[in-house]
Amino acid sequence: MIDIQQLEFGYTKQNKLFNHLNLNLTEGHICGLLGKNGAGKTTLLKLISGLQFPQSGELKVLNYHSKKREPALLQQLYFVPEQLQSLAYTIDRYHFLYAPFYPNFDEDNFKQNISSFKLDSHQTIRDLSHGQKKKFFISFGLATMTPLLILDEPTNGLDIPSKAIFRTLLAKAATDKRLIIVSTHQVHDVENLIDTIVLVDEGEIILNQSLHHIADKLQFTLADNREDILDCYYSEKTLNGYAVVCKNRSNVESAVNLELLFNAVIANKQSIQRLFCGEENSDE
Amino acid sequence: MSNYFDLTRFYRVIKIEILAQKKSLLVYMLIVFMVALLFPVHGYGMPDIGLLGFLLYTLGLIFTSTLFADIHSQSSSTNYLLLPCSNLERFLSRWLLSSFGMVLLIVLTYFISSILVALLYNVLLGFNVHPIHLLSMQLMPVIVDYMQLQSLFFLGAIIFKKNSALMTICCIAFFLFILFVLSPLFSINIDYALMLGQPLILLNPAMHFYFLFSYKWWVIMPLCLGVSYLKIAESES
Chain S
1 MIDIQQLEFG YTKQNKLFNH LNLNLTEGHI CGLLGKNGAG KTTLLKLISG
51 LQFPQSGELK VLNYHSKKRE PALLQQLYFV PEQLQSLAYT IDRYHFLYAP
101 FYPNFDEDNF KQNISSFKLD SHQTIRDLSH GQKKKFFISF GLATMTPLLI
151 LDEPTNGLDI PSKAIFRTLL AKAATDKRLI IVSTHQVHDV ENLIDTIVLV
201 DEGEIILNQS LHHIADKLQF TLADNREDIL DCYYSEKTLN GYAVVCKNRS
251 NVESAVNLEL LFNAVIANKQ SIQRLFCGEE NSDE
Chain D
1 MSNYFDLTRF YRVIKIEILA QKKSLLVYML IVFMVALLFP VHGYGMPDIG
51 LLGFLLYTLG LIFTSTLFAD IHSQSSSTNY LLLPCSNLER FLSRWLLSSF
101 GMVLLIVLTY FISSILVALL YNVLLGFNVH PIHLLSMQLM PVIVDYMQLQ
151 SLFFLGAIIF KKNSALMTIC CIAFFLFILF VLSPLFSINI DYALMLGQPL
201 ILLNPAMHFY FLFSYKWWVI MPLCLGVSYL KIAESES
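Residue numbers (the working numbering), protein chains in the order written: chain S, 1 to 284; chain D, 1 to 237.
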């Protein structure tokens, strides 16, 4: 669905944010896009949606060049940005004006989403709080049923109950034909939701793996002593000992802790990349 | 559905544009009515072209200059640029609204207001006031001039992030000043060219601009609109 080959991009010609970036994402996944501040997550999402243009390389979304912003692609893509527009329309009016642009728009799903988030459809979007605006645009985005849905920091500004509602609605909206990209710093908000991790660091994709594959290769566990964790990629002191990320030597899959994974990959970029490429196994 | 132009989709886009500008359009209509009320047409009902032209130029150009505020804002440009329509539809909807749409709005509001004002003055106050003649031939040059000047402001609104009306006026003034400074060169060249019997336009590159501004307004207008279309197509958020 998303095919990026040798992409180069920078806000200035001298400082390239992305240099020879390659990425391939397929439908049927909820993909978590993680990275530090300024790593280029939002820029990558903007490049994918056609809001920014690559300086060189190829970027195709559903076999369309996204920079051309052709209606055939745009009607299959919905992007909920982090900064939302303050429109002078009511929710009903926005729905009336914008829903016809999306051929698979699901009216029932929209009504259900709006009622789940307890939004009043007669309210003007401009008058909504940031969190309410987020809820509305997420509701609309989910109901568009576009094959590609991009959510940039969707849980920012949502209260605790709304985060749970968001997770439920997102899980319902996921289908085999849909790719949902969620860029977030709040990894716990999407921990049991995403099935693929894309980790961006210093303009590079340092990890692009399914959670199943990650759990197959890495083990996330608690250890009492530091000695037990010498062989591990990453450890963190907790109240109960050490939270560790190490190579999965058993065939048992542990639950992936996204925060630990993120820190482990950032700290041991090359060795973890080698592990997923299979090089480390062949050394043994 | 065509990737370039589709009538149904275009109708949807223009509907969004009109509704987004609903409030400012109503304010402009109110201003036109107030002006018609304060300055009624006396005598034989000849249209006050100067006043109508002033209203059309002022309100139309202010409207045009504020039309692309969303494209310069990070939060609103996403909504505008990712609306599932073609760049041609995006361009045409705003251009038609600010050119023909604005002409229709101002002229018709002024016409209807002048009828209402005439009724008001004649019946209530006993003054001899007439509504304007809408089909006056004097009206056409005003509209044509507006359309030409509007294309410059349309481009200015896309290029300049802030104070686009002022910046566009400054650019036009600067450009005219340069032409004024260079004008002695043209006259020398014209005389020289006439003496040699050469085609004037080839003699000096500055002649091209002189030629454009003096005689070929219709070259400036498509040029501005063409560049505007490209700027919209190449806008990034």
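To be clear, the hints were calculated from the coordinates, so they are not data collected in a lab.
None of these values were measured; they are calculated from a predicted model.
Take these hints with a grain of salt, some might be off.
[Stated by the list, open to error] Derived pair list, reagent style DSBU-like, types lysine-lysine, alpha-carbon separation capped at 35 angstroms:
#, chain 1, residue 1, chain 2, residue 2
1, S, Lys13, S, Lys111
2, D, Lys162, S, Lys13
3, S, Lys217, S, Lys111
4, S, Lys60, S, Lys36
5, S, Lys118, D, Lys231
6, D, Lys162, S, Lys111
7, D, Lys162, S, Lys177
Verification of the supplied hints:
1. S/Lys13 to S/Lys111: violated (46 angstroms)
2. D/Lys162 to S/Lys13: Measuring from Cα to Cα gives roughly 25 angstroms; hence the hint holds.
3. S/Lys217 to S/Lys111: Distance of about 42 angstroms is beyond 35 angstroms: violated.
4. S/Lys60 to S/Lys36: holds (25 angstroms)
5. S/Lys118 to D/Lys231: The given pair, whose Cα atoms are some 41 angstroms apart, is violated under the 35 angstroms limit.
6. D/Lys162 to S/Lys111: Since the Cα atoms of D/Lys162 and S/Lys111 sit roughly 39 angstroms apart, the hinted pair is violated (cutoff 35 angstroms).
7. D/Lys162 to S/Lys177: violated (43 angstroms)
Taken one by one, the earlier hints fail for this structure at numbers 1, 3, 5, 6, 7, listed in ascending order.
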